[in-house]
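As numbered in this note's numbering, residues 1 to 697 make up the sequence shown, in order.
Among the hints, a few may not be true.
[Stated by the list, open to error] In the SDA-like style, the derived pairs of lysine to any residue whose C-alpha atoms are separated by at most 25 Å in a straight line are: (1) Lys-604 x Val-571; (2) Lys-628 x Glu-616; (3) Lys-125 x Lys-323; (4) Lys-94 x Gly-46.
Hints in this document: simulated from the structure, not taken from any laboratory.
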Amino acid sequence: MIFKFKNIFIFLFLCNACLSISQNSEANSKNEDEKVAQLLDYFNNGLYKKAYQQAHALLPTFKFGKSRTNTYLLLAYYHNRYVATDSSIYYTHKALENKHNVSDSLGIRLTILSYQLLALNNKNKGLYEESKNWHIKGAELSEKHNEKNLYYTHLHDLASAYVTLGETKEALELFEKCIKFSDDNEIILGSYINLGAIYSSLLEYDKSNSYLQKAKAICEKDGFRRKASVNILINLGSNYLTRDKDKALSFFYEAKDISFKNKFYNLELNALGEIGNILFNQNKDDEALLIFTETLVKAMQLGNLNIEMNSYLMLEKLSSRKKDYRNAYNYGKKYYQIKDSIDNSITEKEINRLEVKFKTLEKEKTIKSLQIENLNKSLNIKKKEADIERFKLQKTIIAKQNENQVLQLQNGVKKRKNEISLLKEKEAVKAIELDRERTIKYIVLIAFFILLVPIVGLLVIYYQKLQAQSLLNLKEKQINEQQVISLKKDQELKLIKASVRGQDLERKKIAQVMHDSVGGNLAAIKLQFSQLSNHPEKLKLIYRQLDDTYEQVRNLSHNLLPKKIRENDFVFLIKEYVKTVEEASQIAINISIFDEVKINKLNKILQNELFSIFQELTTNTIKYAKAKTIDIQLDYLEDVLFFVYEDDGVGFDTSKTTLGIGLTNIKNRVENYKGVLHIDSKPNRGTNINIEIPLKA
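Could you put the whole structure together from the sequences, leaning on the hints where they help?
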């Protein structure tokens, strides 16, 4: 079990950097720097919810890129803390996009921290190769700019990635380096635990226990190191797997319980996986099935692809062993789907890397060719100078040779006359040969055309036949498509008629219940009230009848909820609705929901109200806002439901605009649940809507 060390102390470091910048910044940005410093102070002192709420409230008001960058990074750490992986990655990239507005020193630290977050989030998703690449970038940048603490932080997590990828030798070297040169107790503790895990995997249990004992001694000095204690328990359990499985199980169950209480979700998944493997090897199939089913659900909620893939594999093996081949096939199919998606992601990254390397080599070749060309030019200049000297010498030689040439020309004239007569004879012979060759060519061409005409005719006939066949096929296809469309329309008509009949039956049922049950009870209550003065003892009977009537009305109201709310998970409905809006409006919608399990268990009436709020806000954005992007955040934290809705549209002036019917309905719905609605909007700056609904009195 590899200890996944996270540097929450980095926020203290970032806060100090922000304060130093604020002291030297311009007067008009000093106020924003102080607000960001306050947000970081909330987060570092454990006031996570307050920091989160204030960050969302302040973001639209910030004018300077530096303030937005630090706030985005704070939100990324917030979501990373609650393992909302996709949201954390989203805000990290937002921070990097605004980085160019930050001064060089702060920009370098921010980049290193962003690489750390991207590595941790990809590790949480099971993308270890991607995580390794971000750690390597972070370590190189930290070493280049002498950021010692950040350097060893990346080095430690890079070693963890090497272990996961099976590169044990490199991992051992990096962990030993962290212990020897780092000044941070957190990094040293994590290195001890990870070395214990590595030597355990190498079956060197004495070395493993030695390192784990050193880690345990550090944890005993500080009672707040619960996460490290869980890792030690998991590694000790691993050491006892081959010697005492019952003792190993006790360690893993203890690690699971501590992780669950302290919300260490990934550690809980690792402990569950170990428990499931032991139960599988002991042929306790029913218990193992429950464990891996629980692991699969939690891995899907956290977006941990690696553990999700392993859970499907183990469920496939269990189903095969129980001869449930249908489920075994389905689990195996999902396992390979996830495995293929991870492999494809890694392949694309490798292709991009090779492409960059190829372009670099091409540039080097171009530079070398230019150098050779320049060298050739210089050689050509020297060669021209030598040619000039040679020309001067040749001139003097030619002057001397001219005298001899006059005599030679006289002899040459006689010789030329003889040669001309011979050439005339040869030309006459060649003319005869050319005439013969020309005649042969004409004969060959005529024969070729005679053969070509029937071939062309056959090709034309074949082409016309093909064209007629393709037209016939096209007509048949159109007829088939029309038949399919008519069948679909008939089927849709049948479905609509069935739906109308169902609604009529449901209305008749409700009317019958209202008349027979509620109406009968109310008539009886009225009769009892008329006799109450003569029979006071009937008061209790009246109360019982009122309770019964109330219960009937309550059940009836539940039956009146829309069928889609009653029969489906709320998170599924919201995501399907968002997908429909994106396809219809071409607006990009980013949605983040946490915790999905708790939100799906909300009261159905409240779910119906929330769904109506979603519909009203998206409809307003499509009609009036002219937005390109919508960001939606729905969180269930500490018995409070937080709903944040942002768009980048035209906005409006809240001081001059009265609430319309839609927003008034939203406000009434929120106030019915004793919630709070806050609308923040200005012209040309989009709209931000925050809703908080307490779920317990």
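Evaluated hints:
1. Between Lys-604 and Val-571 the CA atoms are separated by roughly 12 Å; this keeps the pair inside 25 Å, and the hint holds.
2. In summary, the hint linking Lys-628 to Glu-616 is supported, as the alpha carbons are separated by about 17 Å, within the 25 Å threshold.
3. A C-alpha spacing of about 32 Å is found between Lys-125 and Lys-323, which places the hinted pair above 25 Å, so the restraint is violated.
4. With a C-alpha separation of about 24 Å, the suggested pair Lys-94 and Gly-46 falls inside the 25 Å cut-off, and the hint holds.
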